[in-house]
Amino acid sequence: MKLNGAQILCECLVREGVEVIFGFPGGSVLGLYDVLPQYPQLRHILVRHEQGAAHAADAYARVTGKVGVCIATSGPGACNLVTGIANAHLDSSPVVAITGQVARPFIGKDAFQEVDITGITVPITKHSYLVLKADEMATVVREAFHIASTGRPGPVLLDIPRDVFIEEANFTYPEKVELPGYRPTIKGHPAQIKKAAKTINESKKPVILAGRGVLISDAHKELLELAEKAHIPVITTLLGISSFPEDHDLSLGMLGMHGMAYANLAVDASDLLIAIGMRFDDRATGKVSGFAPNAQIIHIDVDPAEIGKNVHVNVPIVGEVKNVLRVLNKAVESQERRDWLAQVRKWRKEHASDVIRQTSKLIPQYVVSQICEVTGGDAIVCTGVGQNQMWAALHFCYRKPNSLVSSGGLGTMGFELPAAMGAKVGRPDETVWAIAGDGGIQMTIQELATLVQDNIAVKIAILNNGFLGMVRQWQELFYERRYVATPLTSPDFVKVAGAYGIPAARVTTKAQVTPAIKKAMKHDGPYLIDFRVEPEENVYPMVAPGSTLAQIIEDPNKKVVPKAKPKETSNL
Amino acid sequence: MTKHTLVALVEDKPGVLNRVASLIRRRNFNIESIAVGHSELPGLSRMTIVVDGATTAVEQVRKQLEKLIEVVKLTDITGEGIVARELALIKVHATSSTRSEIIQIVDIFKAKIVDVGIDSLIVEATGDDAKIDSLYSLLRKFGIKELARTGRIALQREGSGVE
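Top to bottom, those sequences are chains B and D.
If you read the first sequence in my numbering, its first letter stands for residue 1, the second for the next number, and so on.
If you read the second sequence in my numbering, its first letter stands for residue 1001, the second for the next number, and so on.
Treat the hints as calculated values from the structure; they're not laboratory data.
Mixed in with the good hints, there may be bad ones.
List of simulated lysine to aspartate or glutamate pairs, DMTMM-like, C-alpha gap at most 20 angstroms [stated by the list, open to error]:
#, chain 1, residue 1, chain 2, residue 2
1, D, 1063, B, 135
2, B, 187, D, 1012
3, B, 133, D, 1076
4, D, 1013, B, 136
5, D, 1067, B, 303
6, D, 1013, B, 11
7, B, 176, D, 1011
8, B, 176, B, 303
9, B, 309, D, 1115
10, B, 194, B, 228
11, D, 1073, B, 178
12, D, 1013, B, 116
13, D, 1091, D, 1066
14, B, 2, B, 135
15, D, 1067, B, 178
16, B, 176, B, 136
17, D, 1013, B, 228
Covered by chain B, per the in silico footprint, the following chain D stretches (three or more residues, Cβ under 8 angstroms) [claimed, not checked]:
#, region
18, 1015-1021
19, 1068-1077
20, 1081-1087
Here are the simulated distance ranges between beta carbons [to be verified]:
#, chain 1, residue 1, chain 2, residue 2, range
21, B, 177, D, 1113, 24 to 34 angstroms
22, D, 1146, B, 484, 45 to 55 angstroms
23, B, 108, D, 1148, 23 to 33 angstroms
24, B, 177, D, 1081, 50 to 60 angstroms
25, D, 1018, B, 491, 41 to 51 angstroms
26, D, 1013, B, 1, 21 to 31 angstroms
27, D, 1030, B, 44, 42 to 52 angstroms
28, D, 1098, B, 178, 57 to 67 angstroms
29, B, 454, D, 1003, 53 to 63 angstroms
30, D, 1018, B, 508, 29 to 39 angstroms
31, D, 1081, B, 554, 52 to 62 angstroms
32, B, 554, D, 1030, 36 to 46 angstroms
33, B, 488, D, 1013, 40 to 50 angstroms
We put the beta carbon where it would ideally sit given N, CA and C, even for glycine.
Sequences and hints are given; from them, build the entire structure.
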């Protein structure tokens, strides 16, 4: 069958199970866009900035488990994808980014809208291809999807010259993928798993550190089984949130720079860390030399390069988390661990980081907790970066896997809105909330138009404090309150939403919070709420840079009030 | 000896060298040399990388390189059982009064003179880096005009060795 390069690409996308593409057209991709209507299975969503397409594809992948796809034209279009690609790379998200390129005779000649996007993205892609012949297209696409979605997932770039899109070739969909240099380890080494089980059985104060790898591997059931069988408390990284139900008795929440005090104390006192699908990032460990000083470390991860990279590991196990846990769980003994759990519960009571202080002021933590209350925890939360992100991580009750979508590794402001867009498109039956700061929302605010054009019913909560909050917090705590370039003027977000055709509300008092959220939920379509919150709230607890996890700064203003329990949900 | 020799079999595709170099740079690995050329397998090149183990985590270099899709196989062959060689071209200052002494040194090292000019000559030397380093340091007193070294290539021994 003779087709042109663009058609071959589309045929392959369909066979790979692609249902949605986020993109923005341009000269170099005209050939591709021209044939798209021939493939109605491929729904195209036109964004307003290519960064939005990349973030949406990333979030779509995180909530569906499928590969996210985005398209941009050459030159500036491709460059606009870079942040989104780097974001997907650092958080191990399976994304295939397709960029048009100038025609083959023009490559390397500084042609109009030409950039060496393959060169630019070498450090931030799992792999990339410059497709120089239409008859390579099918093999390349097949390989790209395989690489993006297996082992440790990551973004793969396909750079396709415009004349390759229109070049004809015979189309045969490759049966197998031939990649001699790519053989991810699927199953863990049985002897290592046995050793790990023995170490767990002998430990007195074990904790589990669960990261995004648990979610990527779809291993939340196996994690629950391990924790419950061996009575081990579970701590998550930021990106591991929702891999373990936070209302479970064994859940200690998040660790790290803004983690729960009781989680950090448990890690610090522990004699064994069972690290599953996490990479000991500096935000999680605090000062590495003082990290978990008394603990042995078991490290289970699909990426061998992460093992031993930041911390010394006693029992390394390379393999997919789900497979490893299945074998490990059989060998682990059931133990009560009464003393250790009593200690951990004592810390949880005495350092109640999850409890919001009682005040009549409208504080951002309260807004997040009310979103949790009203939704019953039955929602997908997409955060920005900074204080809004930390409060969303700390004060929402995550129980269902993949209910938090956040930019952890790269920490990209502006992720919130396009991510919520991608998440809603991927899981249309779920409620999706974007929790944003007034700074970050302005970085990708143009995607409000996409919400309207494609009727994507995302609910948006802006925690509007008139500052670049997290930077201001650091300036307050470490730079003697010298607020340089952090006070922020914003437009009237309600008017902006209205200009885009999105209903919105402004909330200025505590009493208005819950009714506004309920109204947003009732509305059938996108809705925006501008919460005017206390300007100088800080995220607590905090482990300052250069400190260890034991050196926790807690909220000096807190009067403890018991937290209201959210509604039960019926399934996990 | 803190130098480690890593040998990688990489796919002979455009951009592979760029990917390897980019990885080395961004992870701040301290690399002494890289030499790459065709191997005995069609479509695969053999890349020999020398890493200074004192300033760089060799284990991380190995693991990160292995992650690259085009790296088919990577082995750390540091140790006794290898043959390691390097080629150097040294353009030395040589006047009529110093020429004979230079020639003597070159003979002792079993190197060759491949070019003679009015005030210089080019020495070609092959050997392990200890030999090249010694020859180079002896020739330095005459004044070196230019030096070009290929970097180490190495294969594992299977016999008991001839040299």
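Tested hints:
Among the hinted pairs, residue 1063 of chain D with residue 135 of chain B is inconsistent with the structure: their alpha-carbon atoms are about 33 angstroms apart, more than 20 angstroms. With a C-alpha separation of about 30 angstroms, the suggested pairing of residue 187 of chain B with residue 1012 of chain D is violated against the 20 angstroms cut-off. In summary, the hint linking residue 133 of chain B to residue 1076 of chain D is not supported, as the alpha carbons are separated by about 37 angstroms, beyond the 20 angstroms threshold. Under the criterion of a C-alpha separation no larger than 20 angstroms, the hint pairing residue 1013 of chain D with residue 136 of chain B is consistent with the structure, at around 14 angstroms.
Taken as a hint, the residue 1067 of chain D and residue 303 of chain B pair is honoured in the structure, with Cα atoms around 8 angstroms apart against an allowance of 20 angstroms. For the proposed pair residue 1013 of chain D and residue 11 of chain B, the alpha carbon gap of about 26 angstroms is over 20 angstroms, so the pair is violated. A C-alpha spacing of about 18 angstroms is found between residue 176 of chain B and residue 1011 of chain D, which places the hinted pair at or below 20 angstroms, so the restraint holds. A distance of roughly 23 angstroms separates the Cα atoms of residue 176 of chain B and residue 303 of chain B; the hinted pair therefore is violated under the 20 angstroms criterion.
Taking the CA atoms of residue 309 of chain B and residue 1115 of chain D, the gap is near 49 angstroms; set against the 20 angstroms cutoff, the hint is violated. As the CA atoms of residue 194 of chain B and residue 228 of chain B are separated by approximately 19 angstroms, the hinted pair is consistent with the 20 angstroms bound. For the suggested pair residue 1073 of chain D and residue 178 of chain B, the alpha carbons sit about 15 angstroms apart, so the restraint of at most 20 angstroms is met. Distance restraint check for residue 1013 of chain D and residue 116 of chain B: the Cα-Cα separation of roughly 17 angstroms lies within the 20 angstroms cut-off, and the hinted pair is therefore satisfied.
With a CA separation close to 38 angstroms, the supplied pair residue 1091 of chain D and residue 1066 of chain D exceeds the 20 angstroms bound. For a cut-off of 20 angstroms, the pair hint linking residue 2 of chain B to residue 135 of chain B stands: about 10 angstroms separates their Cα positions. Between the alpha carbons of residue 1067 of chain D and residue 178 of chain B the distance comes to roughly 16 angstroms, so the proposed pair stays at or under 20 angstroms and holds. At roughly 14 angstroms between alpha-carbon atoms, residue 176 of chain B and residue 136 of chain B fall within 20 angstroms of each other, so this suggested pair holds.
Our distance criterion of 20 angstroms between C-alpha atoms is broken by residue 1013 of chain D and residue 228 of chain B, whose separation comes to about 50 angstroms. Counting residues of the region 1015-1021 of chain D whose beta carbon lies closer than 8 angstroms to any beta carbon of chain B gives 3, which meets the minimum of three for the stated coverage. Coverage of the region 1068-1077 of chain D by chain B holds in this model, with 6 residues showing a Cβ closer than 8 angstroms to a Cβ of that chain against a need of three. Counting residues of the region 1081-1087 of chain D whose CB lies closer than 8 angstroms to any CB of chain B gives 0, so the stated coverage by that chain is violated, three being the minimum.
In this structure the hint that residue 177 of chain B and residue 1113 of chain D lie 24 to 34 angstroms apart at CB is violated, the actual value being about 53 angstroms. Our hint of 45 to 55 angstroms for residue 1146 of chain D and residue 484 of chain B holds, since their Cβ atoms are close to 52 angstroms apart. At about 28 angstroms, the beta-carbon gap between residue 108 of chain B and residue 1148 of chain D stays in the expected band of 23 to 33 angstroms. Distance hint check for residue 177 of chain B and residue 1081 of chain D: the Cβ-Cβ separation is about 36 angstroms, which falls outside the suggested range of 50 to 60 angstroms.
The supplied range of 41 to 51 angstroms is met by residue 1018 of chain D and residue 491 of chain B, whose beta-carbon atoms lie about 44 angstroms from each other. With their beta carbons about 27 angstroms apart, residue 1013 of chain D and residue 1 of chain B fall inside the hinted range of 21 to 31 angstroms. Judged by the Cβ atoms, the range 42 to 52 angstroms given for residue 1030 of chain D and residue 44 of chain B holds: they are separated by roughly 47 angstroms. The supplied range of 57 to 67 angstroms is met by residue 1098 of chain D and residue 178 of chain B, whose beta-carbon atoms lie about 59 angstroms from each other.
Here the CB-CB span from residue 454 of chain B to residue 1003 of chain D is close to 58 angstroms, well matched to the stated 53 to 63 angstroms. Our hint of 29 to 39 angstroms for residue 1018 of chain D and residue 508 of chain B is violated, since their Cβ atoms are close to 55 angstroms apart. Range check, residue 1081 of chain D to residue 554 of chain B: Cβ separation about 58 angstroms, and the 52 to 62 angstroms hint holds. At about 42 angstroms, the CB distance of residue 554 of chain B to residue 1030 of chain D agrees with the hint of 36 to 46 angstroms.
At roughly 47 angstroms, the beta carbons of residue 488 of chain B and residue 1013 of chain D sit within the given window of 40 to 50 angstroms.
Hints 1, 2, 3, 6, 8, 9, 13, 17, 20, 21, 24 and 30 from the earlier list are contradicted by this structure; the remaining hints agree with it.
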